[in-house]
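Here's the letter readout for the chains.
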Amino acid sequence: MSSDVREPSVSTTARDGARTLPLPTPRGPVSEALLALLVLAPVDAPQSARDTFDEAVRSAPAVVDPDVLLTQDHDVQLALFCLYELHYRGIEDVSDDWEWDPSLLAARAVIERAFEAELRSRVEMPELPAPDRASVAEALFTLTSQDSGPGLSHFVAKKATEEQLRDLLVHRSVYQLKEADPHTWAIPRLGGAPKGALVEIQTDEYGGGDPALMHAALFAQTMRGMGLDDSYGAYVDHVDAATLASVNLMSFFGLHRRLRGAIVGHLAAFEMTSSIPNRLYGNGFRRTGHDAATTRYFDEHVEADAVHEQIAGRDLAGRLAEDDPALLPDIVFGAAACLAVDGWAAAALLASWERGSLALRSVA
Amino acid sequence: MTWAAGSGAARDLPAGQTSAPLAAVAPLEGDVTVTLCPDGPLLLRGPATLLGPDGQPLPRSRNVVALCRCGGSAIKPLCDGTHKVNGFRSDDT
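Listed in order, the protein sequences are those of chains A and B. Going by numbering that gives the first Met the number 0, the first sequence wraps up at 363, each residue one higher than the last. Going by numbering that gives the first Met the number 0, the second sequence wraps up at 92, each residue one higher than the last.
This is chain B alone, in the form it adopts within the complex:
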């Protein structure tokens, strides 16, 4: 497994530490890539940790996550497919 953030490691940070250095959470095994999906989300792959507004790592349960960029998702920051029905155009095709 590449990902540590969703597998418990990030939740086991020492008390008082709000975020771990990346290398301590997820050993770098390759590049982080962000793929622009035309008229759709950003696909995030690789050992990146998503931090919430409070600096805490967000749970991550899959190797590839889709990040909302239409603004309409009900499960932000993740995509829920809403871009398909709200007319979102990314203009990056």
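The following block holds chain A by itself, in its conformation from the complex:
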């Protein structure tokens, strides 16, 4: 390489800037009514199409019946995922004008009320610590260390097959190709020390501004190393309800100022349960003969998240609780919800592997 020519370090990131979510395939009456509506321009959409979607939401068993789990409902989780995606990169062939459409926001609020009610009743809350920096950090480290999880990272390190490793990436790609974005919504909602701490973490997540070093770009590199399609949202149609719910949880917390404590707690728990599992994930890919470029994403997270968990525990969550003690219950709730919902997604993935099924089987 000649010294006066700089090659782009990742050639595919250039086209990535304009990527939107491919239009997903409906999974039931709610997502079908939503997607039928979204492909129309808002000004052209007949009231009947809006009513069909609204009625589908308000009559969905997972929305109206507390005994039907919304976190396991493919159809409603996909609809919620699409509604949130309007606020991120957008959906292919869908007008940007839908983002703040009042009828969509009203329907989304109906789903969110049921989602939050289910989470508040199913997520086990630990005792609240005192609202000071040290106590909050200690409580969050204790909570996350007690969470044994379903053992996904240990299985990946020791036993997962090549196909299962690819399956893991397929599921994780729905979030990891927009890694850090849901927590970034909290930045303008915070001030002072907690804001500074969040910016310090997110700067690292976004590679210090280098598009090739963004964690999402490192994940894309891992996907390419495993022969997978690294384009944004490529595998949304292939993942289960529990995976969609884990991503929707972050968007729900991130997009509501009321829940700024919860998105902060979520990030703290996410970071505190990252460095050791990522070492194990990396070991799984090394065990099956994959190179350093493919494992770099995991290696980076071992190092980065050992930093982030310290900042997130004390300077972000702890200082936020000191500044605004009223947010303490939601900080802890956000952390507990992160562990619970991500645990359900990991358990569902392990269970599918035990049954011998893979998300990509139908298209491989």
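No wet-lab data here; the hints were simulated from the structure. Be aware that one or more of the hints could be misleading.
[Claimed, not checked] Chain B stretches covered by chain A per the calculated footprint, using a threshold of three residues with CB under 8 Å from any CB of chain A:
(1) 49-56
(2) 62-69
[To be verified] If you anchor each label on the Cβ, the simulated ranges turn out as follows:
(3) A:Ala108 with B:Asp91: 45 to 51 Å
(4) A:Arg18 with B:Asp30: 40 to 46 Å
(5) A:Gly191 with B:Pro76: 46 to 52 Å
(6) A:Ala35 with B:Asn85: 27 to 33 Å
(7) A:Gly191 with B:Asp90: 55 to 61 Å
(8) A:Leu39 with B:Asp30: 43 to 49 Å
(9) A:Arg121 with B:Gly86: 28 to 34 Å
(10) A:Ser134 with B:Gly29: 26 to 32 Å
(11) B:Pro52 with A:Trp99: 25 to 31 Å
(12) A:Leu104 with B:Gln55: 55 to 61 Å
[As the list claims (entries may be wrong)] Cβ-to-Cβ under 7 Å is the rule here; a few derived chain B residues that face chain A:
(13) Leu35
(14) Cys36
(15) Leu42
(16) Gly45
(17) Cys78
(18) Asp79
The beta carbon of each residue, even a glycine, is placed where N, CA and C say it ideally should be.
Could you slot chain B onto chain A? The hints should help.
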């Protein structure tokens, strides 16, 4: 960017020079701080250069680094979170 050590500047030292004066590697823009994390690592912020046993600057790829002080990390001198599972107590809380 505050940090030069990980961004290429440190690797471009003249031949024969094993380490650069700090000011040449990273202009001082503020204090170096070391934060003691209870039962955990030391967080290093600011324009400090980590030198290896051979006097060569270690690559530094982020603004804040966590230095291991439990002795159990697999990526020393950096922290990998092992202190959480090996019972390390810093007694500085």
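Task: Status of the given 55 to 61 Å range, CB of Gln55 of chain B versus CB of Leu104 of chain A - done: 57 Å, holds
- [ ] May I ask you to test the hint 46 to 52 Å on the CB atoms belonging to Gly191 of chain A and Pro76 of chain B?
- [x] 32 Å, violated
- [ ] For the range 28 to 34 Å, tell me whether the beta carbons of Arg121 of chain A and Gly86 of chain B fit it or not.
- [x] 32 Å, holds
TODO: Have a go at the Leu35 of chain B hint: is there a Cβ in chain A nearer than 7 Å to its own Cβ?
DONE: With a closest approach of 10 Å, the Leu35 of chain B hint is violated.
Task: Restraint check, 7 Å cut-off on beta carbons, for Gly45 of chain B near chain A - done: With a minimum Cβ separation of about 13 Å from chain A (threshold 7 Å), the hint on Gly45 of chain B is violated.
Open item on the list: Using C-beta distances, would you say chain A covers the region 62-69 of chain B, given that this needs three or more residues below 8 Å?
Closed with: holds (count 4)
Task: Satisfaction of the hinted span 55 to 61 Å by the C-beta atoms belonging to Gly191 of chain A and Asp90 of chain B - done: Violated - the Cβ-Cβ distance for Gly191 of chain A and Asp90 of chain B, about 30 Å, lies outside 55 to 61 Å.
Task: Hint check: 7 Å Cβ-Cβ cutoff, Leu42 of chain B to chain A - done: 6 Å, holds
- [ ] Please test the hint of 26 to 32 Å on the beta carbon pair from Ser134 of chain A and Gly29 of chain B.
- [x] Hint holds: Cβ distance 29 Å, inside 26 to 32 Å.
TODO: For the range 43 to 49 Å, tell me whether the beta carbons of Leu39 of chain A and Asp30 of chain B fit it or not.
DONE: Since the Cβ atoms of Leu39 of chain A and Asp30 of chain B sit about 58 Å apart, the hinted range of 43 to 49 Å is violated.
Open item on the list: 25 to 31 Å was suggested as the range; check whether the CB atoms of Pro52 of chain B and Trp99 of chain A agree with it.
Closed with: 58 Å, violated
Task: Interface restraint verdict for Cys78 of chain B against chain A (beta-carbon cut-off 7 Å) - done: Because about 4 Å separates Cys78 of chain B from the closest Cβ in chain A, which is inside the 7 Å limit, the hint holds.
Violated hints, listed in ascending order, are 1, 5, 6, 7, 8, 11, 13, 16; each of the other numbered hints is respected by the structure.
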